[in-house]
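Just so you know, the sequences run in chain order A and B. The opening position of the first sequence corresponds to residue 1 in the UniProt record's numbering, with each subsequent residue numbered one higher. The opening position of the second sequence corresponds to residue 1 in the UniProt record's numbering, with each subsequent residue numbered one higher.
Where hints are given, some of them may not hold.
As the list claims (entries may be wrong) - Quick list of in silico lysine to any residue cross-link-like pairs, SDA-like style, CA-CA up to 25 Å:
| no. | chain 1 | residue 1 | chain 2 | residue 2 |
| --- | --- | --- | --- | --- |
| 1 | A | K162 | B | E178 |
| 2 | A | K102 | B | K162 |
| 3 | A | K162 | B | P109 |
By construction, these hints were calculated from the structure, which means they are not laboratory data.
Protein chains: 2
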Amino acid sequence: MRDEFRADLQIVSQLLVDMAEGVRAAMHRATRGLLKADREASEAVIARDAEIDDLYRQVEERVCDLLARQAPVASDLRAMITALHVAADLERMGDLADHVAKTALRRHPSPAVPAELRPVFTDMAAIADRMAEKIAKVLASPDADLAAELDRDDDAMDDLHKSLFGVLLGEDWPYGVETAIDATLLGRFYERFADHAVNAGEQVVYLITGESSPSPN
Amino acid sequence: MRDEFRADLQIVSQLLVDMAEGVRAAMHRATRGLLKADREASEAVIARDAEIDDLYRQVEERVCDLLARQAPVASDLRAMITALHVAADLERMGDLADHVAKTALRRHPSPAVPAELRPVFTDMAAIADRMAEKIAKVLASPDADLAAELDRDDDAMDDLHKSLFGVLLGEDWPYGVETAIDATLLGRFYERFADHAVNAGEQVVYLITGESSPSPN
């Protein structure tokens, strides 16, 4: 029974790693679509969001099946509930990559992001990529220190998000309201991507250490 | 055992109803804070978000306790997993009310929403209120028809959201970029509030009818 549980848990963990790698690739592609006006990249993100949704459903089914067959308690039960939370965060991160891709396509072949904002979005995308990479790593091999780094990454993301508004509200912003709306939404998509990565990381830390109940946010 | 399960499920259901009523009141207050520059209303939303978060944790604890003690299977197990999903959607709706309140306070005593946009935000808020009311009702007394109405409400919300951009992008938009950024974010908060209400409604329908696996979105 115990060995069977471990084997099932391993399958769930691998599904979560696949999800994390999928959303990392999705946001990476979405950023290319956005900053290089690469239509194929944007379209691939949208087409492949269904794969991430499918992995999400597989996690749910596996967890429900496991709860029904094995009736785990204590830390094993907590691991199952945590898997559901992490899967929900990762699924939402995939949606946010999808939103970035759709925003890029809406302006194609014009760039949705003007030259003045390319540096800040390049940096936001780099942090998003790093955070998704860390989530995939801590899911594959639990590491509370690595998971805790996500908080610092999120602080850096928040700083970039603020500097984005600084550019938009600068006296010399030449692009008008439409470009500001796009940039506002895009900024929010990257920032929410980071928030979900932090949430997922907190869940994993909670699972590893048993410390600090993750607060909803 | 069966009676005990029913009694526990009833407690979880009541917690979800309390959450739904809490987020309805929160968004109602947040809208008053926004449209009437009512500082106390905005501050109350922020102060009381912790109550919604606390209810969320109570749902989680109850569900985990119930899974551990009773090891439900089949539809009972599904009801537990659904309760977790609905609680997560409601918790997020509370956060979105909190974001509206914070946006209003950031501009206080100036209004964050100029006169031209008051009608569209008044309408969005009315739909948000109606949707939160329906979620509370279907959680208190399952009603698949009422839950299904949430989809139509969400369509109306999406139409309003589009008309908001129409105003922002009109040739005679006189307020500049800062107000457009606020309006863009506020529009997104109301629209996401509605999305989460739809998700929660789909979960309840799924539970009542067993039909149509809710797709993540």
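Evaluation of the provided hints:
1. As the CA atoms of K162(A) and E178(B) are separated by approximately 13 Å, the hinted pair is consistent with the 25 Å bound.
2. Our distance criterion of 25 Å between C-alpha atoms is met by K102(A) and K162(B), whose separation comes to about 16 Å.
3. At most 25 Å may separate the alpha-carbon atoms for a hinted pair to count; K162(A) and P109(B) meet this at roughly 22 Å.
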